[in-house]
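S.K.: Next come the chains, spelled out residue by residue.
Number of protein chains: 2
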Amino acid sequence: MKVLVFGAGQLAQMMYLAAAPLGVEVYAVDVVAREVINPVDKSKFDMSIEYAVSDVHVITAEFEHVPEDLLDMAEKSGKLHPNMAAILTGADRVREKYVLDTNNIQNCPHLIVSDVSDLDAAVQALGEKIIFKASRDGYDGYGQWRLINSEELPKLKHAFASLDLKRVPLVAEKMLSFDREISIIGARDAKGNVCCFDIAENLHHEGQLHVSVAPATAVSAAVQKQAEQIFETLANALNYIGVLAVELFQSGDELLVNEIAPRVHNSGHWTQKGADTCQFEQHIRAVLGFPLGDTASKGVTAMINIIGCTSFSRDLISIPGCHLHWYGKEVREKRKMGHINVVADSYRELGEKLLLLLQYLPEEYFVLLRGEAQRLIAIEA
Amino acid sequence: MKVLVFGAGQLAQMMYLAAAPLGVEVYAVDVVAREVINPVDKSKFDMSIEYAVSDVHVITAEFEHVPEDLLDMAEKSGKLHPNMAAILTGADRVREKYVLDTNNIQNCPHLIVSDVSDLDAAVQALGEKIIFKASRDGYDGYGQWRLINSEELPKLKHAFASLDLKRVPLVAEKMLSFDREISIIGARDAKGNVCCFDIAENLHHEGQLHVSVAPATAVSAAVQKQAEQIFETLANALNYIGVLAVELFQSGDELLVNEIAPRVHNSGHWTQKGADTCQFEQHIRAVLGFPLGDTASKGVTAMINIIGCTSFSRDLISIPGCHLHWYGKEVREKRKMGHINVVADSYRELGEKLLLLLQYLPEEYFVLLRGEAQRLIAIEA
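Protein chains in written order, with UniProt numbering: chain X, 1 to 381; chain B, 1 to 381.
In case anyone wonders, no lab produced these hints; they're calculated from the structure.
Hints should not be assumed to be uniformly reliable.
Note: identical chains are not told apart, hence a pair may lie in one copy or across any two.
Straight-line alpha carbon distances no greater than 27 Å define the calculated BS3-like cross-link-like pairs of lysine-lysine that follow [unchecked claim]:
1. Lys191 x Lys353
2. Lys79 x Lys329
3. Lys353 x Lys298
4. Lys129 x Lys191
5. Lys157 x Lys129
6. Lys79 x Lys191
If you're wondering where the values come from, they're calculated on a predicted model, not measured in any experiment.
Please model the entire structure based on the sequences and the hints provided.
M.R.: See the structure below:
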């Protein structure tokens, strides 16, 4: 069987590697060059996107910002999973907030800003600490603005005056404090079966995911249940087929949805070594109508992103349970180059392995790793 | 980095899939068509074998019967691992017996037959129950002849008279009874480090491997040590770099080497799901000079070959711990089409999963599976 993936980055690559043992061929679409390629060796296939769409059994996406004409073509073929509306919900914060609100799923207090004149009302409703987020990928990478105190409001108004807020509104979110960021990743199949992986605990630095630990430490039964309910409500509301990721803020036993990603997700890479079925195989199973796989965790796993860095020792793979996944991309600042999965039998052992791992890594690129290692070591078995 | 594999079957395919996460590209040589291809999608690269040999970092083989001119070219490049002599030792039973005998490694009593007139001496030395094996892949697939009683000797002499025994001698082996067949698979790197996987227990039917269980049941410390010593002696004697498989007959605590395979091996496929590092990644690590990976087993695993059969339900992957590996080949009688790995926490649970698995399989193609399931279920935890 054949699957076409919109997007030809590392997520399509890992889908390819996970699909091959099932006898499933993965073709990827470079949506910029508009070419069909092999996502592993990047060789070009001599076929048009139109032909590929007609030839494959299923079409899916590795990212949500797929040009709408392509999504449209795929949707019309009847082969697109998840469906176009679900993908666009992940690509548009206004749609996302609408889905969350209409399904009574707790998320950050927010208002939609589609005119500079909305700003005063936003401050009145949300307070003076606000994050403004572009609702779509529409401002050439400029996506977020922070208001820390209301004195800076005029400056912000001035900045926003040059944006086409009617076309790409902003979502104004109240800045909240929370204990930690977690994510729940799972799959829903065409019959409505839902199957989640254990919750991952995610550490970010300068807006990028650096480390995930799964299963997350100290997850109460209430939080686990709540997260799974949020996942299921969302997946059902979106009539979702495939792997879906939900990022959450946790404060005590309270969960707020931060954002959703209609795809396999960086915070699920740990499943490659830490779960019976990995998220990539699970996605392929779900979209092709195969039975979902078991998601049980095997030990405890840390996933460490390698960001903008090639100057590490590959000998890190000498550490038992330590596996490298290299994407083969040219290095650029802030670019995700690969990741490392480290599996252990206990959090303590995992922490010790992370300290060992640091001997092979330039710590300036892995600024959160030592602290996380020490935190894990201190956890009672 | 790039690795060229002589042979483009499922072993090269699985090397490709295991190498990609390390940032290693695998190119395969179809030694019949003399083409360089991608072993997963079988697409042809526009390069000659000579160019590939000069371009890659390392050359290896997925089978021992590589045409000698290719091995020669690779050996001369200085990039061939394992070395040519080691590969040829696996391809020639006379060389193999020589290596075993000169290194005092126990194997079946045997004589070399290079003339029909040697047959009487063979019967005298080995008794009337003998297996004659072609020493090399030289008789168009005809490789084995059995003598059950000496009355059939004239018939055999007549058959052998038409063979060019000078060019391709036979190895006459005494037919022995033994308790079971096991194999030990491991790797040796350029520094001489040796690292073995747990012993696998192998069930054959009509000359083909049907089921492997690893770690093998009831392995005494003496047997484990003996198997590892045999492995290390052989790997050192061959100055071996890469993954090597040694098939053994076990009787009580006594081990005899049946044959060696200078490559990744079917009885090591269980490591894909049952060991920290799989044999394919381990081979890539060894030949490229990367650190060897941890070989610790994770639970207990059964590997079931799918032979000459496509009429099974793919829904078998709904069983927790059950994973399919499909090679994507056209079906032929006796052809290995794929395999299934089933991982469990105990032999009993593994046996129960195998019974469950049988619900998805046509039993006439998996004739040993029910018995093996029942045997495993009866094992005390």
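S.K.: Run every hint past the structure and note whether it holds.
M.R.: Right, here's what the structure says about each hint:
| no. | hint | verdict |
| --- | --- | --- |
| 1 | Lys191 x Lys353 | between (41 Å within a copy, 25 Å between copies) |
| 2 | Lys79 x Lys329 | between (30 Å within a copy, 26 Å between copies) |
| 3 | Lys353 x Lys298 | both (16 Å within a copy, 18 Å between copies) |
| 4 | Lys129 x Lys191 | neither (43 Å within a copy, 60 Å between copies) |
| 5 | Lys157 x Lys129 | within (15 Å within a copy, 95 Å between copies) |
| 6 | Lys79 x Lys191 | within (16 Å within a copy, 52 Å between copies) |
Violated hints amount to a single one, hint 4; each of the other numbered hints is respected by the structure.
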